[in-house]
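Numbering (the numbering used here), first residue to last: 2 to 387.
There's no promise every hint is true.
Unchecked claim - Subject to a maximum C-alpha distance of 25 angstroms in a straight line, what follows is the list of computed SDA-like cross-link-like pairs (lysine to any residue):
id, residue 1, residue 2
1, Lys305, Ile212
2, Lys265, Ile212
3, Lys305, Cys165
The set of hints was computed from the structure by calculation and includes no laboratory data.
Just so we're clear, the structure is a prediction, and the values are computed from it rather than from any experiment.
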Amino acid sequence: MSGHTQQMKLKQTLHGYQIFFIVLSAVIGIGVFSNNGAAMAIAGPWGLLLSVLIMSLIAIAVSESIGELTQEFPVSNAIVRYVGTFVDPDFGWVVGLAYWYAYAASFAVQNAAAAELATYWGLSPTWQILAFYFLAPVLFFWLNMTGVFYYGIVETVGGVLKLCFILGVSIYLYVLSGQEHLGGSDGSISDGFQNKPPMFLTHAQAVCYAIPLVAYSFQGIELVSMTAFEARDDRALRWPARWTVYVVVLVYIMCTLGEVLTVKWTDHLSPIPGAQQVSPRTIDKQPPASTSLPVIAAWNAGHKTLAGVINGCLILSGLSAANTSLYASSRTLYGIQANGSLFKRWGVPLSADKTELTQALRGLRDDMLAEQRESAEDRDNGVPLE
C-alpha cells in the first residue's frame, strides 16, 4: 500500500454493535412520529398501515441485497462504488452526488424538524435559530471530527435510548388504547381507508401519495454499507447487515399500529409533514402545538406532562438522526471527491465535514431571512407581533 493510500485511509475501529446502533440512529428520527401523521391525514389509518407495510417490504429487499454486497465487497463509499462497478462509472458518480445531497438535505431537515418541535413550548424563533441552526451543527461537526470510535460510542448510546423510546411509546399507546377502549368499532382504526376529494379522488390515489411520506422514515436503512470500510473486521458486519432492517420494521409496525389506535385521522393533522405554519392545529388553535401522533395521543388522554416529555425525546431523536446524516454525507462526499483532506490524527474527512457544516449554516441564513419576511408580512397585514 502506498504512503498516499495509507494517509487517505479511514480508521477501522467500529464494532458490530456500534454499526447496528449507528444505522438504527440514522433510521429512527422524527419521521415515524410526524410523517405518519401526514400520511394518515391523507389516506386514513388503514392507508397508513398499508404504506408502512409496503415500505417495510421494500426496505427488507434493499437491505438484504446491500447486506450481501457489503459482506462480499466491504469498500469505502460502497453505494457509489457498487453502481460504478456493476452498472456504469458515470452513473455511479451521479448516484454519489444524489446520495450526498440526500443526507446533506436530511441533516438540515432534521435540525429544522427539531426546531419546529420546540414550538410546543413556545420557543421564540431567535432561540430556535441559535440552538438548532448554529449550536447543534457546530456540536455535530466537532463530534464527527473526534474520530469514528468516539462518534460510534455516542451514537451507540443514542441508538439504545431511541430504541427504548420507540418501544416505550408503542407500549404506552397500546395501554392507552386498552384503557380508553379506543380499538373497538367506534375507534380511530375503524375508519379504514380514506381520501379527501378533490385532491385525492380514490383511496388508491391517497395511498400512493402517502407511501413517499412514509418512505422518508426508512431513510438510512442502507447505511451499513457506508460503515463497512470503518468496521473492525468482517465479523463486525455480519449481524448488523442481516438483522438491523428486521428490528426497524418490527418497531415501526408496532409504533404505527399504536398510533392508528389512539389518534383519529380527522384530529387536525397536517397533510404536509413539518408544515407547522399551515397545520390545522395552528389554524384552528387546537392544542397541542405539535404534529407528532404520540404527543397528540398523550395530550388527548390528559397526560400533558407526558406529552411534553415525549416531545423532548423526539427533539433528541431528531438531533441524533441529524448527527448520523452528517456522518453519512461527509463520508459520501469524501468518497466521490478526487483528492480529499484527511484529518490525520483521527482518520476523518476534514474537508468533507467542513463542507457539510457550511451547508448546515446556510440554513441559519435562510431561516433568518424567512423570519424577517414573515414579520414584515405580519406588520403589513396588521397582525400584532408577540
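Okay, the hints, checked on the actual structure:
no.: 1; hint: Lys305 to Ile212; verdict: violated, 31 angstroms
no.: 2; hint: Lys265 to Ile212; verdict: holds, 19 angstroms
no.: 3; hint: Lys305 to Cys165; verdict: holds, 21 angstroms
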